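*Asks:* Using the sequences provided together with the hints, build the complete structure.
Chains as they are written, first to last, in the numbering used here: chain A, 1 to 353; chain B, 1 to 341.
Misleading hints may appear alongside valid ones.
Straight-line alpha carbon distances no greater than 30 Å define the calculated DSSO-like cross-link-like pairs of lysine-lysine that follow [to be verified]:
{"no.": "1", "chain 1": "B", "residue 1": "Lys150", "chain 2": "A", "residue 2": "Lys312"}
{"no.": "2", "chain 1": "A", "residue 1": "Lys155", "chain 2": "A", "residue 2": "Lys142"}
{"no.": "3", "chain 1": "A", "residue 1": "Lys158", "chain 2": "A", "residue 2": "Lys212"}
{"no.": "4", "chain 1": "A", "residue 1": "Lys150", "chain 2": "B", "residue 2": "Lys259"}
{"no.": "5", "chain 1": "A", "residue 1": "Lys293", "chain 2": "B", "residue 2": "Lys150"}
{"no.": "6", "chain 1": "A", "residue 1": "Lys155", "chain 2": "B", "residue 2": "Lys307"}
{"no.": "7", "chain 1": "A", "residue 1": "Lys212", "chain 2": "A", "residue 2": "Lys142"}
{"no.": "8", "chain 1": "A", "residue 1": "Lys293", "chain 2": "A", "residue 2": "Lys319"}
{"no.": "9", "chain 1": "B", "residue 1": "Lys307", "chain 2": "A", "residue 2": "Lys212"}
{"no.": "10", "chain 1": "B", "residue 1": "Lys259", "chain 2": "B", "residue 2": "Lys307"}
{"no.": "11", "chain 1": "A", "residue 1": "Lys97", "chain 2": "A", "residue 2": "Lys322"}
{"no.": "12", "chain 1": "A", "residue 1": "Lys306", "chain 2": "B", "residue 2": "Lys150"}
{"no.": "13", "chain 1": "A", "residue 1": "Lys97", "chain 2": "A", "residue 2": "Lys150"}
{"no.": "14", "chain 1": "A", "residue 1": "Lys306", "chain 2": "A", "residue 2": "Lys212"}
No wet-lab data here; the hints were simulated from the structure.
Keep in mind it's a predicted model, so treat the numbers as computed, not measured.
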Amino acid sequence: MSNNDDVLLSVRDLKLHFPIEEGVLFKRVTGHIRAVDGVNFEIRRGETLGLVGESGCGKSTTARAIAQLYPATAGEIVLNGSDLTKANAHDLLRHRKDIQMVFQDPYASLNPRMTVRDIIAEPMQIFVNRGLMSMSGTEIDKRVEELMEKVGLNKHFKNRYPHEFSGGQRQRIGIARALMLNPQLILADEPVSALDVSIQSQILNLLRDLQKEFHLTYLFIAHDLAVIKYISDRVAVMYLGVIVEVAESETLYDEPMHPYTQALLSAIPIPDPEVEGHRNRIILTGDVPSPDKERNGCYFYDRCPKRMPHCKENVPALKEVKPGHHTACFLYFEATPENVVRSAPQQEVVSRG
Amino acid sequence: MSEKVLSDPILRVRDLQTHFKTDAGVVKAVDGVSFDLHKGETLGIVGESGSGKSVTNLSLMRLIPSPPGRIVGGEVMFHDTDLMSISDREMRQIRGNRISMIFQDPMTSLNPFLRVSTQLIETIRLHQGLSKRAARAQAVEMLSMVGIPKPEARIEQYPHQFSGGMRQRVMIAMALSCNPEILIADEPTTALDVTIQAQILEIIQRLADELGTAVIMITHDLGVVAGMCDNVAVMYAGKIVEKGTTRELFADPKHPYTKGLIHSVPRLDQDHQERLFSIEGQPPNLIGLPDACPFYPRCDSVMDICKQKYPASEDLSATRAVNCWLYKEHENKEAGLVEQR
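*Replies:* Okay, structure coming up:
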């Protein structure tokens, strides 16, 4: 937000709405699921931005929209100065090389019929087949072996199939695949949540080491706030398709501003009985509402313990409240027109005379 | 907490062994597990996937699918009854009535074709022999106890009309409807979001206190254990490697695995760490494990004896026990290889 040069990716007012269809033969659209409903953030070169939120808040959809797996309904996704949502097919292919994904489920994200060598080589193979890159088979082999060693796999296992590996090892294969094209940005969608605690820390350490070595930028998605805190430089908190707070990792955990962030942090159990015994927990009531209608008030209004009357009528904008600390909450600024994304349509005011 | 330790245990598990026959060989999923549970106590069983924590509890409810599974040995004393030797009919009287269970996945443990009312009333009538009307009244009361708004209306709905957290509440209501002495909760919040997890854990804790129910909490989340449990047992490769009160165990973990586990979890209340501690390697394959300590290939204080023999449980205090050669050094030196058990 300060220096434009070191911004790698900037997402502006991104919206992604999925149509709800009804009818058997003649489908008609009866509404929209507003999975992502106006998201703004930037990722600087070399940093890790953590994106955290509960299931259904739109964090994975955001990542997939950035990777151009879903076409955005509205908004801009600017990578290295060019807007991916408007790029033509040829340019898009070139940009795709710079964005790679690591997925959550190491069992479902690797093709069981391909050998590890083919899985890791596939991204590059595609570019070679399309004539966008020239590399011989032996060069690709060498690169695969090199990456396998980098991620901590034995290179002699390259002709094995995914079922011969454990969950943690499979996640390493997925990471090697993501590194194959030497990307700038890695979108890691819950890369450790399917793993056991002892394996989880191995993968987190690996991701950090690789970041240093290859100067990678991460968008790291997780629902586990402790993991996010460990890996991220800055953290964005999502709720119901919008970002409610962005701050440096330490700041966010030390002084969370948005009531949702506060509740989320207090809900995480800490593995220490001494600390647990003395914590005051904010227990939210109710469930996350369904994102199927346009909201004209704060998205968190229904569950907020600190809600005020005007929160129901106005959607707060994400504003920089302290240097580097952004939040979307009327506790920290007035509901003046420049601080409001949209408001409920005004009732006919009876003020004649 | 101290009086809970002094009273007689309501459940005594001794040397429980459950094996599964597979094409590749026999999997010793539970291999000699022993523990006590006292009235009103909350016992946490932690371990990674495949460590045998769920199978342990399915075994004591006699819910192991057989074949391929079989409870090969051990005894489970519930008051004065050995659950392993009673008939299926007697077991059904206990299961769901005096010992009940909540499972991890609230989506699949309710019948999607039946209204919640049918499922709840059936459970209550089956075990308590109440009239339909009385059972219904009790079901509604249970639902309001677990914090479901408008229980009279919600009880007529089908499971798909409930959210994940609400379904887990229904499961808790169902499990507690017969006022059981023991509630086994198998990863009850793993499928739920953190804010909902906090709600559910709070309900389990409050109801267990109100009704005096003993709880066995199976989880992989050390945070959940720290917040809820009086005592903890840590499982690895089908064995309990360490037991103690939650406070002791977290303050001063003895077994190298427990130490590693506690230190490898990133913590919310700690400053930015440079590097996480990690236990290298992977959990072992449970087929054809030798009689050695299953943790030795990953252990950073491994000794020769660890590779030859599994250490018997060593009581460090009235509440503390560990299975590790590090704490048997005297015997270790005296005999080189020790005769135990």
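*Asks:* Take the hints in turn and mark each one as holding or not.
*Replies:* Consistency of the hints with the structure:
Pair hint Lys150(B) plus Lys312(A) holds up; C-alpha atoms about 24 Å apart against a cutoff of 30 Å. Restraint check for Lys155(A) and Lys142(A): the C-alpha separation of about 10 Å stays at or below 30 Å, so the hint holds. Annotation: proposed proximity of Lys158(A) to Lys212(A) holds, straight-line Cα distance about 25 Å (limit 30 Å). A C-alpha spacing of about 28 Å is found between Lys150(A) and Lys259(B), which places the hinted pair at or below 30 Å, so the restraint holds.
In summary, the hint linking Lys293(A) to Lys150(B) is supported, as the alpha carbons are separated by about 24 Å, within the 30 Å threshold. Proximity of Lys155(A) to Lys307(B) is assessed by CA-CA distance (about 28 Å); at most 30 Å being required, the pair is judged to hold. With a C-alpha separation of about 22 Å, the suggested pair Lys212(A) and Lys142(A) falls inside the 30 Å cut-off, and the hint holds. Distance check on the hinted pair: Lys293(A) and Lys319(A) sit about 24 Å apart at the alpha-carbon level, within 30 Å; holds.
For the proposed pair Lys307(B) and Lys212(A), the alpha carbon gap of about 38 Å is over 30 Å, so the pair is violated. With a C-alpha separation of about 20 Å, the suggested pair Lys259(B) and Lys307(B) falls inside the 30 Å cut-off, and the hint holds. For the hint pairing Lys97(A) with Lys322(A), the CA-to-CA distance comes to about 36 Å; that exceeds 30 Å, so the pair is violated. This hinted pair checks out: Lys306(A) and Lys150(B) have alpha carbons roughly 24 Å apart, not beyond 30 Å.
Under the criterion of a C-alpha separation no larger than 30 Å, the hint pairing Lys97(A) with Lys150(A) is consistent with the structure, at around 20 Å. With a C-alpha separation of about 41 Å, the suggested pairing of Lys306(A) with Lys212(A) is violated against the 30 Å cut-off.
Checked against the numbered hints given earlier, this structure breaks hints 9, 11 and 14; the rest are met.
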